[in-house]
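Colleague: Here is what each chain is made of, one letter per residue.
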Amino acid sequence: MKGWSLLALMVASTVLGDLLQSLEMKRHGEIKEFHPRGIARVLGALARNKFLILAIVFMAVAFFAFMTLLETTELSFAVPASAAALVFETILARIVLKERVDFRRWVGACLVAFGVVLLAQ
Amino acid sequence: MNTAERLRWKTRIFAIIVILSNTFGNFALANGMRGRTTVSVFDYLRAIFTPWVMIGVSLLILWLLARMALLSWADLSYVLPVTSLGYVANAIMGRFFLNETITPARWAGTLLIVAGTMLVGIGSPHSKEGP
Chain V
1 MKGWSLLALM VASTVLGDLL QSLEMKRHGE IKEFHPRGIA RVLGALARNK
51 FLILAIVFMA VAFFAFMTLL ETTELSFAVP ASAAALVFET ILARIVLKER
101 VDFRRWVGAC LVAFGVVLLA Q
Chain B
1 MNTAERLRWK TRIFAIIVIL SNTFGNFALA NGMRGRTTVS VFDYLRAIFT
51 PWVMIGVSLL ILWLLARMAL LSWADLSYVL PVTSLGYVAN AIMGRFFLNE
101 TITPARWAGT LLIVAGTMLV GIGSPHSKEG P
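First to last, the sequence lines map onto chains V and B. When the letters of the first sequence are read in order and numbered with the working numbering, they come out as residues 1 to 121. When the letters of the second sequence are read in order and numbered with the working numbering, they come out as residues 1 to 131.
If you are wondering where the hints come from, they were derived from the structure by calculation, not from laboratory data. Model, not experiment: these values are computed from the prediction. Yeah, the Cβ is synthetic: ideal placement off N, Cα and C, and Gly gets one too. There's no promise every hint is true.
[Claimed, not checked] Distance ranges between label pairs, derived from CB positions:
hint : chain 1 : residue 1 : chain 2 : residue 2 : range
1    : V       : V57       : B       : S58       : 18 to 26 Å
2    : B       : L20       : V       : G38       : 17 to 25 Å
3    : V       : P36       : B       : N2        : 21 to 29 Å
Just chain V, with the same shape it has in the complex:
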């Protein structure tokens, strides 16, 4: 039971963290500079952003939930089960981020959902 609660906490935080992160990185625009000064400038600009800070908080929650989950659960369950986040994220990518999700991507998301159900057997 503790394992399932941790998994649910991890999936929910991952979904929220990823969504906020994608929203913010898109607003920032493509990163083109990879020399140290360029990276420092990008990190400086992003560190002042509330959405991104919130995204990092969600990611931290997801990370500690995952860490705790690994104490008792097998890696071969914990890691693929976290793919459940993909299903929710595909739906939210369409609704919130307005990304075009074609039929093939929907079928893919459904297969992932079935896969996670099988993992739980």
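Fit chain B to the supplied structure of chain V, relying on the hints for placement.
Modeller: This is chain B only, laid out in the frame that chain V set:
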């Protein structure tokens, strides 16, 4: 090399960094956390400063930064399946390096996740609707 081709290669290279750092980071973390009982903040701090967990956390930080960079030019619905491929590689690591028993149902589930992520991921990383 034209701009589109450059972007394609940049995307591929970052996708590979994302997959590898995720797979090995999770493996190191699982190795370090197995059998521990963390309840308080101090338990977590103690765990974080053990060698395996430190390696795991460092690789996962690399994973996070590489993925953030990738997200700045590629869609979330493209980046996520690529990351999920790394998750499946992790299940295989669990089987061979952590001696986990994987039931047929779990293999089937893992393979379905691979198939699903392939379907979602194949294609252009740019699918934004018009302005």
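Colleague: Taking the hints in turn, state whether each one holds.
Modeller: Results of checking the hints against the structure:
Between V57/V and S58/B, the C-beta spacing of about 21 Å keeps the proposed range 18 to 26 Å intact. Our hint of 17 to 25 Å for L20/B and G38/V holds, since their Cβ atoms are close to 23 Å apart. In this structure the supplied range 21 to 29 Å holds for P36/V paired with N2/B, their Cβ-Cβ distance being about 28 Å.
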